[in-house]
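J.: Each chain, written out:
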Amino acid sequence: MTKLINLNINNTPVTVPEGTLVVDAAKKIGVDIPVFCYHPKMEPVGMCRQCLVEIGRPMIDRATGKPVLNEDGSPKLQFGPKLETSCTTPVSEGMAVLTETAKAKGGQKEIIELLLTSHPLDCPVCDKGGECPLQNLTMEHGAGESRFLFDEKHHAEKHVPLGDLIFLDRERCIQCARCIRFQDKIAGEPVLGFYQRGRNTDVVTYSDPGFDSVFSGNTTDICPVGALTTADFRFGARPWELKHAASVCAQCPVGCNLTFDVRREAKTGGGYVIKRAMPRQNEQVNEIWMCDKGRFSGYQFTEAETRLRLTPVEMESALRRASDILAQSKSETVFLAGGRLANEDLFTLKKFAAALGAQAYLYTQHGGGEFTTAYGLTSGSNLGDLGKGDVILVVASDLYNEAPLWHLRLKAAAGRGATLIVANARATKLDEFSTFVVRYSYGDEVETVKGLPAKEKIGEALKNAANLVIFYGADGLGLAGTTALAQACADLVKERAGKANNGLVGVWSSPNQQGALEMGLRPAQNLAAELRGKTVYLLAADLAGDDPALAQALKGAKAVIVQDVLQTASVALAQVVLPASAYTEREGTFTNGERRVQRFYPAVPNVATSRPDFSLLAAVAKGCGVDLEGRSTLLVMNAIAAQESAFAGLSYAKLAEVSEQYPLIGRGDLYYGGTGYENKQGLGVTLAPAEAVTPLNIPYAALRPKEDELLGVPVTKLYDDGTTLAPAKLLAAHVERYRGVVLHPATAEKLALGNGEQAEVRLGGARYLAKALVDASISTGVVLIPRSMGIALTEPAVVQVSAAEKAQEA
Amino acid sequence: MSLTNQYPDEVQAIFAKYPSRRSAVMPLLYLAQREEGYIKKESMEEIAALLDLDTTEVAAIVGFYSMYHDEKAGKYRIQVCTDISCALRGADTFLEHLCDNIGIKVGETTPDGLVTIEEVKCLAGCDKAPMFQLQDGDKVSYHENMTVDKTMELVEALRKAQAQK
Amino acid sequence: MTHILLRHRDIPDIKNIEVYKQNGGFQSLQKALTAMQPKQIVEEVKASGLRGRGGAGFPTGVKWSFLPDTIFPHYVVCNADESEPGTFKDREIMESNPYQFLEGVAISCFAVGAQEGYIYLRGEFYPVAQHLDACIAEMEKQGYLGDNLFGTQTSIRLKTHLGAGAYICGEETALLESLEGKRGQPRLRPPFPAVVGLYGKPTVINNVETLSNLPYIVEHGSAGYRQFGTEKSPGTKIFSLSGNVNKPGNYELPLGTTFRELIFTHGGGIQNGNKLRAIMPAGASSSIIRVDDQTFDKVMDTPMDYENVQNVGSLLGSASVIVIDDTHSMDWVINKTIEFFKHESCGKCTPCRDGNYWMLQLTEKIHAGHATMKDVQLLDTVAAQMYGKCLCALGDFSTMAVRTAIDRFPEDFEKVAGKA
Ligand SMILES: Cc1cc2nc3c(=O)[nH]c(=O)nc-3n(C[C@H](O)[C@H](O)[C@H](O)COP(=O)(O)O)c2cc1C
Ligand code: SF4
Ligand code: FES
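Residue numbers (numbering that gives the first Met the number 0), protein chains in the order written: chain A, 0 to 809; chain B, 0 to 164; chain C, 0 to 419.
Honestly, the hints are just simulated from the structure, not real lab data. Backbone N, C-alpha and C fix where the C-beta goes; we use that ideal spot for every residue, glycine too. Some hints here could point you the wrong way.
[As the list claims (entries may be wrong)] Pairwise CB distance ranges (calculated):
| id | chain 1 | residue 1 | chain 2 | residue 2 | range |
| --- | --- | --- | --- | --- | --- |
| 1 | B | Arg158 | A | Glu748 | 47 to 57 Å |
| 2 | C | Gln21 | A | Ile59 | 48 to 58 Å |
| 3 | B | Gly106 | C | Gln21 | 28 to 38 Å |
| 4 | C | Asn147 | B | Arg20 | 27 to 37 Å |
| 5 | C | Ala392 | B | Gly89 | 55 to 65 Å |
| 6 | B | Gly106 | C | Thr69 | 49 to 59 Å |
| 7 | C | Gln39 | A | Asp384 | 47 to 57 Å |
| 8 | C | Ala392 | A | Pro662 | 28 to 38 Å |
| 9 | C | Gln21 | A | Ser91 | 53 to 63 Å |
| 10 | B | Arg20 | C | Pro409 | 26 to 36 Å |
| 11 | C | Lys30 | B | Arg158 | 14 to 24 Å |
| 12 | C | Thr69 | A | Gly450 | 32 to 42 Å |
[Said to hold, decoys possible] Far from chain B, some chain A residues (derived; all Cβ distances over 10 Å):
| id | residue |
| --- | --- |
| 13 | Leu68 |
| 14 | Pro189 |
| 15 | Val190 |
| 16 | Gly192 |
| 17 | Tyr194 |
| 18 | Thr204 |
| 19 | Gly416 |
| 20 | Ala550 |
| 21 | Val657 |
| 22 | Ala745 |
| 23 | Gln757 |
With the hints as constraints, model all of the structure from the sequences given.
T.: Next up, the structure:
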């Protein structure tokens, strides 16, 4: 138990745990002390000196060691001659803090005045105007009139691109170092720094390529002035014109809570348009952060030109045709659902398939989900609680690329003393923060995990772990490999099932794969064969785009119905296309990889006639004489809660519950936590564990290439050509940087391929041209092939790589 | 040319000096400045790689300290102290006359690239003003109780030495 | 008198190790290591009343006793940054009497249980560092540094480290940051370096001059040391005398020596027969002492020690006594000091970073004759509003000369600024 300390703040008694900083203790009772450099997520540095207050401490009689008392018996307080920074001062017993006295207010006002000597006060043209801590504090505490001549102000460069996503206005910077400290301490990528010193201090990057971090957008939230802005929102809108819609990011299985800010615009005939994505606090999921993928590609596809659109008449006829086809094919139908669908869609789909007697599969190359439902995390779990004594194992996953917020939170857990074991066939960014790195060869994943308990130090750590969380991914693995790996991982954590902060987490490639799994959907073992001669109903699944073999299989199907948001390769093969709403246009829930069910809300109206997936399904079902709920997601959720054991007891009301979170952010005082939003719409609910699985008996033998063969392995990059990412124009350059196949320098040399040179990749009869990217951190004999980047590789396979013939000169 | 190739022994000796690698950054930056009198971005990158730092972290050091230079100037930098104690003993006038004699202004470099004249803060030579330090790559020497004539002789000597190379 | 610190003035070749040895060199180190307990040395230094010569005057032995016995390794870091304008004493010690200094560092290492000592020199002292490196190598060769010293279990190694031009690195926590390979910016205190110092370990930081006293104290005991100086400020002190005097230079004198003796006896009086107008006893960070017909004797008879200089409205600091004659006006003086502080402010905290920028705008304007008395008052309030709000003492230092100049030499400002 931490000791509790009693003190007085502005004559109000407060009791807080020992170690609490005065500024935080004050915040707790609603006393806002202005801060600039202090941020509750980072260590105090006491740089800006804005948070000055008067602090008195009980006087102690030197001789007796006892407190000196006033006449009335109260302890006599001693106030120092100087104001003290409340952000660097921990509370102490009997302390008295005064934040509102003339002296304290005077000190704060004087600091603001000093800051403004080098600040342009260009609020009317500043993106931060309206949500700017400096602006607000200037209004509140600043001097009405400047004693500093404007001509003498320190002037500096504006519109400096620090990278292609973040811009810096040097003039507005107040040198609080929040951005630098965030990048260094929280993101672990110290690519921002100060150059020069004194009044010439400037934020710079000397890194190559510039300010390039998956977490860069967060710096714009915590920058207390308008110095850092995103390329996305810069000059986009004024904060006060915006309305807010709560949502959950759909770019990866973390499920960061966020807020879409919308505004009416002429270009949509006065309709609402999303202007930006901002993090929304959920201390158990994303705290107050989000990654750049979510921020800069999370909603942009809503307005993509490739959105599927039908006129009302076309829609009517498409639904009718779909019903007709299904009414005919009945049990000869195969439904394939992608992990982008909401729980409500998946449930409706499952019901529909059951009514038809048809098969419904989860479409994924990432198996083993039956283990995550049984041995996954359960209620009370929070990666933020893991620390000393706890063990986290990450196998075959590159979290920085696959689930950036988990990368960030595991790095933090390791910082708090958790034992972090990272096992992979190649180096990943998490290695740097880990306690143990386990390196194996592609193909040895399962044996490696099985062998961990026998390793001396690692085995010891696993055995003695107070809590154990295992993340497993699909780095270099296909469906069979991941399933076998999941089983091996499950064996390590199985006995702890049901205990908070213990469990198995699948690093899926979609936001709701876990939801589909909880609903009982499973991947087909031999998908291509299943499709032959059947009616295939694809929902948020682009088989043809992922794999030429599956495209071929679709051609052999009896009929193809595609229900999706955007144009895909599979759409081109469909007899019927049903345009679905983007998730930003509707309501629903996702279940994240930690098994937390979270609600998202509509931000903008549906494009054209598109409808939510569950609603389209219900309409098609109706035409087949099957009655399903097609109007209200709430009613669907009630049915889920009643019929799906994992979801028992859930309701929209429960999912919308919030409890107070620390640190307190949002509210009136943006300077404290930044412009991220307070969570008023729900923290979500973690599911209870499903029943234990009987051991699977899927035979798995890893592919072992011969001496002179090259093993092609699929890997996941943060930025790729994924359906919803591709329309995000801002990230195009980032996608290009990763486009290509990765080879060890020795392998490349053997193939006479230089870095960046064009290679020809042959795989299963197909030929691709791709850039060769040389990377000494991988092993020889393998070729890393990024998923969703044009080369279809769903599981490890022998590939041929050669230098592409140079184009003939004309 | 990399530092580890050019000065292998010195780099090792620097590493041996500290229990933490990062502490080597300042001595390594001096090495990087030895030949050409300023630190190139490639050197910052190399040092970053050697110390397992980001280039930005190394640059932040270069930017902070006034004896590291990130731009090319004269082979020698004559850095005259004009701080309070020296100024009380005529340093400002000395600097002015010196500039007139050499024919450049403070901050400028002679056309032959030999010397740059700079004004600096107290060098702990206050009792022997006017005085300056001569910075030559990573090396420094003090020149105290100076006159413009003595300084011009020094510049000539440097010029001759340079020509002979 | 004979010298304790500037012994090369008595024995010119003392920088030669053989000469140093012939004159009792390293006997204190040997005595400390072979005949004394570390605690005993700490007690002796406490009893000697030795106070830090880097500026703050904190009792050295007391500082040493703050190191926790439970966390190791301990480090000794010697502050040889010597960057306060007007200070040039440490350089002379290191150049001319290096072995006594190094012996002192080694004794402090033994006393606080450190096996390693770093000497942080300002980058400009490149030749001094080269010279010290050679001396250290010589001491290692002769068995005065290294392992199993004098046949004991004790190991002591000393290393030099060069800064690169930043006054703030004289501030002890900024110095540690710099030594750790970071930007030289002050840390928050507490924790103090004695508990969390270099590489997060308990660390003693002392000035060159402070440590150079140790061989004498070990040899002669605290009583021997106390025969110089005053009760509260024992020992001798090197006064760096600069500015408008005939004979500027370092003078090692007992603490408590009067300004008159320093300036007129040793310094040979004011240059060109001019009149003494002001004294800055602690370099650019001084509160400026006004000397005029009324105050002349009072100031001149003030003993220079940690207590009495306060009686004439200033502080002893590092005893870098800058003498200013009546040909100089205070608007010029503070413009110089603010140029310095503006250049040296590390930029970490707002009041110092922006305040010095603002003050420089004003002092330039005032000195150029473009200002009114309103600007002078503004300058005074800017300085006042910086004071006491900065992260480290540099910010406060920068306001001292400004505020006292405006307060004590109003006529200088009225002259340039006119009346608004
Ligand atoms: C801005 C600033 C500059 C300083 N510069 C020096 C310096 O150059 N040399 C020095 O010994 N102490 C300097 N000090 C004092 C040191 O912080 C520290 O108090 C001293 O090194 C302790 O040694 P001592 O107790 O032996 O004096 C400076 C302090 C400040 C705030
Ligand atoms: S007062 Fe502030 S800006 Fe100035 S040197 Fe100290 S920390 Fe740096
Ligand atoms: S110093 Fe406390 S918030 Fe900046």
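J.: Each hint should be assessed against the structure and marked as holding or not.
T.: Consistency of the hints with the structure:
no. : hint                               : verdict
1   : Arg158/B with Glu748/A: 47 to 57 Å : holds (50 Å)
2   : Gln21/C with Ile59/A: 48 to 58 Å   : holds (55 Å)
3   : Gly106/B with Gln21/C: 28 to 38 Å  : violated (50 Å)
4   : Asn147/C with Arg20/B: 27 to 37 Å  : holds (28 Å)
5   : Ala392/C with Gly89/B: 55 to 65 Å  : violated (31 Å)
6   : Gly106/B with Thr69/C: 49 to 59 Å  : holds (53 Å)
7   : Gln39/C with Asp384/A: 47 to 57 Å  : holds (50 Å)
8   : Ala392/C with Pro662/A: 28 to 38 Å : holds (32 Å)
9   : Gln21/C with Ser91/A: 53 to 63 Å   : holds (57 Å)
10  : Arg20/B with Pro409/C: 26 to 36 Å  : violated (55 Å)
11  : Lys30/C with Arg158/B: 14 to 24 Å  : violated (54 Å)
12  : Thr69/C with Gly450/A: 32 to 42 Å  : holds (40 Å)
13  : Leu68                              : holds (50 Å)
14  : Pro189                             : violated (5 Å)
15  : Val190                             : violated (5 Å)
16  : Gly192                             : violated (4 Å)
17  : Tyr194                             : violated (4 Å)
18  : Thr204                             : violated (5 Å)
19  : Gly416                             : holds (21 Å)
20  : Ala550                             : holds (44 Å)
21  : Val657                             : holds (38 Å)
22  : Ala745                             : holds (20 Å)
23  : Gln757                             : holds (28 Å)
Checked against the numbered hints above, the structure breaks hints 3, 5, 10, 11, 14, 15, 16, 17, 18 and satisfies the rest.
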